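S.K.: With the hints as extra help, turn the sequences into a complete structure.
One-letter residues, chain by chain:
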Amino acid sequence: MTVESTAARTPRRSAGNKAGTTGTKRTTSTTKKAAGARKSAEPALVQLLTPEGERVKNAEFDKYVADITAEDLRGLYRDMVLTRRFDAEATALQRQGELGLWASLLGQEAAQIGSGRALRDDDYVFPTYREHGVAWCRGVDPTNLLGMFRGVNNGGWDPNGNNFHLYTIVIGSQTLHATGYAMGITKDGADSAVIAYFGDGASSQGDVAEAFTFSAVYNAPVVFFCQNNQWAISEPTEKQSRVPLYQRAQGFGFPGVRVDGNDVLANLAVTQWALERARAGEGPTLVEAFTYRMGAHTTSDDPTRYRGDEERLAWEAKDPILRLRRYLEASNHADEGFFAELETESEALGKRVREAVRAMPDPDHFAIFENVYADGHALVDEERAQFAAYQASFADEDGGK
Amino acid sequence: MAEKMALAKAINESLRRALDADPKVVVMGEDVGKLGGVFRVTDGLQKDFGESRVIDTPLAESGIVGTAIGLALRGYRPVVEIQFDGFVFPAYDQIVTQLAKMHARALGKVKMPVVVRIPYGGGIGAVEHHSESPEALFAHVAGLKIVSPSNASDAYWMMQQAIQSDDPVIFFEPKRRYWDKGEVDTEAIPGPLHAARVVREGTDLTLAAYGPMVKLCQEVADAAAEEGRSLEVLDLRSVSPIDFDAVQASVEKTRRLVVVHEAPVFFGSGAEIAARITERCFYHLEAPVLRVGGYHAPYPPARLEESYLPDLDRVLDAVDRSLAY
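Line order of the protein sequences matches chains A and B. Take any residue in the first sequence, note its place counting from 1, add 219, and you have its number in our numbering. Take any residue in the second sequence, note its place counting from 1, add 430, and you have its number in our numbering.
Warning: the hint list may mix true and false statements.
Unchecked claim - Quick look at which bits of chain A chain B covers, simulated, 3 or more residues with Cβ under 8 Å:
hint	region
1	366 to 377
2	398 to 405
3	559 to 567
Rather than coming from a laboratory, the hints here were simulated on the basis of the structure. This one's a predicted model, so the numbers in the text were calculated from it and none came from an experiment. Ideal Cβ placement from N, Cα and C applies to all residues, glycine included.
M.R.: Structural data, given as structure tokens:
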């Protein structure tokens, strides 16, 4: 699967480069060489469900999903469907001008729901800005995720309400916060764990390397969950690393594993394993969920400039939702009534989200000055007073009319 | 109980008191444990409080601040040490984009009681990146508070207050004054953390400074007194916020102001003070607000630093220029 995708991408990337100079040739040959080197090193993915929806045995990880019921499976399916529906609604709302920006998770539902459902309530999540599925698992109301994209706040939820930290936009910063939080758990003598989400692009950031270092040195109970969705805006993973990302862990002294990111069961199992290691005092783990961002990086992005349709089509065949549906149907774990009911629920969610966004009030002008400091600051007080006087001057004008 | 101690020792005693009083306080940084820090500011703390309270970290500044943010989110009150001023920049991203904004981003739901200790400034004959004064780069960022003590008593009490603050505080320690001794009354009731203090009363001109330059300004005032001039010396103590009321009160009395700092003058804290005081005291001023500080050049090698740093004569020249208006 991985070999296939790499091989499929390489020729298109060179074909897409129309410069036609020596530089092009050099790029092509380097890319080919890199791809060749990767082929031989490509690891097997941990996979429990094939794209065709067949359950495959895995000696190491089966035990982490051994007690999963048909109801649990339907629950995972429901999570993925509703998350995708929410995501589609948000994308549509951006197109309608209701949101300034949206970062779609389309294609990454299994990685997020699988890992998200592996968590305990007392675990703590440090997301990027694309973890809408994980937020869903944590019970964060999806409409709360939209405030920052609509531009009414820079967060929108109480991180301690659901042990789900605010979205972090600076790439990789949150991996250090996760590590520090995990160090705190150790100090407290607690047995909860932390999960830090980041992408393939973030793996190049110094902060991620430093988080790996700190977590290893202090044996912090943190799971680094890298969703390798193949593209950091327009840059493919080959521009981030010459080795498979999960192998980065080895140099820091903790295990790394690559899981089929489009297989919700495998993500659940592997994350359970990593969390159990963390809880047992065995320190950090790197999970690389090998997946694909089917849409654009954000609604501002245009993926047609850097990747072709065939790659997307190849990944669509591995769709995370479709494969679980095939399994549910083949194993008689869900009937038509379930799917129909879910469809109705999806539409209701879409409607609720649409209405909630449109009803979202603009913040009060004075919110600019709120919460800049916990203990106050003389300059903020002074400028708030100036702003109030300025605002009041308009009120006087209006009053005079 | 008053005791005479060096400024570095005062910070050490203050950290010890904080570690003792609150189990959530942790001290972190490179070499802060067994070595006690390269300036020995954390000397003996790990021995007494253990490795989980006084934490030797990997050599990674962004990691130090980033993990401190995570610890703060978990309810801890980290006091981190950046070994030298010029080494804070790898952590600048975490300080500016995360530490400073987390409280606002969370709409007040989380607090960031993190103290970032930075030994700063020149005058000790160090190599490159060991003598800089980057306070203006932090003062420009909303969400951070910035203080710098000039003497042992302030070092002791301001550190107590910084640790107790629910806001992130960048604590600039004047490293050339680490060995200066002063009285520390550990039972005193300190004034507000961000209030300036008149160190010396005067009537002809106000010298405003903080951190390492306060002592120089006192020497300038002594020298000026021999020439029959009465200078008021103001220790600002805090760079964000700045106690402009205190500066204004002094300038309304003396009608002249010279701001002294080690950092480059261009876009420095002196510029901010000059602008605001001009606005507040336009009709009181007999002369433009003048600034004395570093040049717009990289901090020079040690054998040139005496030419770069404000000294007695440069400040006295500025005093003369002001009085000549």
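S.K.: Work down the list of hints and note, for each, if the structure agrees.
M.R.: Structure-based check of all given hints:
no.	hint	verdict
1	366 to 377	holds (count 5)
2	398 to 405	holds (count 7)
3	559 to 567	violated (count 0)
The structure is inconsistent with hint 3 alone, although it conforms to all the rest.
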